[in-house]
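Given only the sequences and the hints, what does the whole structure look like? Please build it.
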Amino acid sequence: MGCMVILLMPGCEHMIDFQGSENGLQGITVNALAVPDTVFTAAISRAYLFTEVPALNYIDYWEYEAHPDPFYEKAVLSEAEVELVVNEQEKYTMRYDPLHYNFTSDYMPRSGDRITLRVKAEDLESVSAETIVPNVQLLEILGCEKYYKKEYIGEGPLSDISQDTVAHITLRLTDPGDERNYYRLKVRSIAHDKRGGSSEVILQYSDIYTSSDVIFMDEQLTRGYGGWVAHFSNIFDDHLFNGKEYTFSVETHLRYGEHPHAVIELQSITRDLYYYLKSVMLYRITDQDAYTEAIQIHSNINSGWGILGGLSAEKHTVYF
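Here the sequence shown stands for residues 251 to 570, numbered as in our numbering.
There could be a bad hint or two in this list.
[What the hints assert, rightly or not] Label-pair ranges, simulated between beta-carbon atoms:
(1) Val-386 - Asp-457: 13 to 23 Å
(2) Asp-457 - Glu-395: 30 to 40 Å
(3) Lys-565 - Thr-415: 17 to 27 Å
(4) Asp-414 - Glu-338: 14 to 24 Å
(5) Asp-414 - Phe-300: 35 to 45 Å
(6) Asp-463 - Glu-329: 42 to 52 Å
(7) Arg-364 - Ser-328: 48 to 58 Å
(8) His-350 - Asp-428: 30 to 40 Å
(9) Glu-395 - Leu-453: 23 to 33 Å
(10) Lys-400 - Gly-362: 46 to 56 Å
Hints are computed from structural coordinates only; laboratory data are not their basis.
Just so you know, even glycine gets a beta-carbon here, dropped at the ideal spot from N, CA and C.
As structure tokens, this is what we get:
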């Protein structure tokens, strides 16, 4: 929804002709993700400068998750004409869904599909974007060990109560050698908690994990964020193991409750989505003031802002 324009990352510079008016920024923001076996949807809104977007009044993240942002409701371009083209042949007219404030189609992407999105809106320049849904890559669980970590105290604003037991999980990724590949690894630790003898079951979970492996090292992330430690990124590419098997380990704290387990998901993501997520990570730890160099968010929307990405996922469950 915000205006996040030029990318200044090596090899991925994307310059956009900035056009504003006395009424503010004029343009379209598109955010969409093509995932196999999932109905394709897209969020289409009017672009706004960050200075025009009011601060959120929600108390915490969970309240924000449960309630839509009233400013976004105002920004949505519900009358836009949105066309989805698959493999340069199949065309779908996407419909506006007022319940979820996005546009939906009747199409479920498949790995290898070339997805093209075109958006028109009155009095705004038309925009377009293209991506290819990546193939899923093989991830194997080689082992899991538990150990006690003394005096563990969660850190960060999103930290939650967890046990002092850590699961050390060893994984192996098989990377194809005929292309550059980009990945995001998600590790969610889960348990089912019954509070105070109540019959109500509360799902305790956390997506925060750690690893000392070099593939997760990002020197640009000089500060931690939301419980994640500094210099750690769960988004990486294959430049260290292109075309090979690669073995590494991750660690996650067990949650309080019954049936503790972890869901491990290796997402194969597109190059544009990789650089978009990397730039967002850098942006969120940067002080936004007059003395700080602006962090530019990567976009692959022609004549607009936002991201059209693709991902395919390999998922496993490890029971502790």
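Check each numbered hint from earlier against the structure, then list the numbers of those it violates in ascending order.
-> 2, 4 and 7
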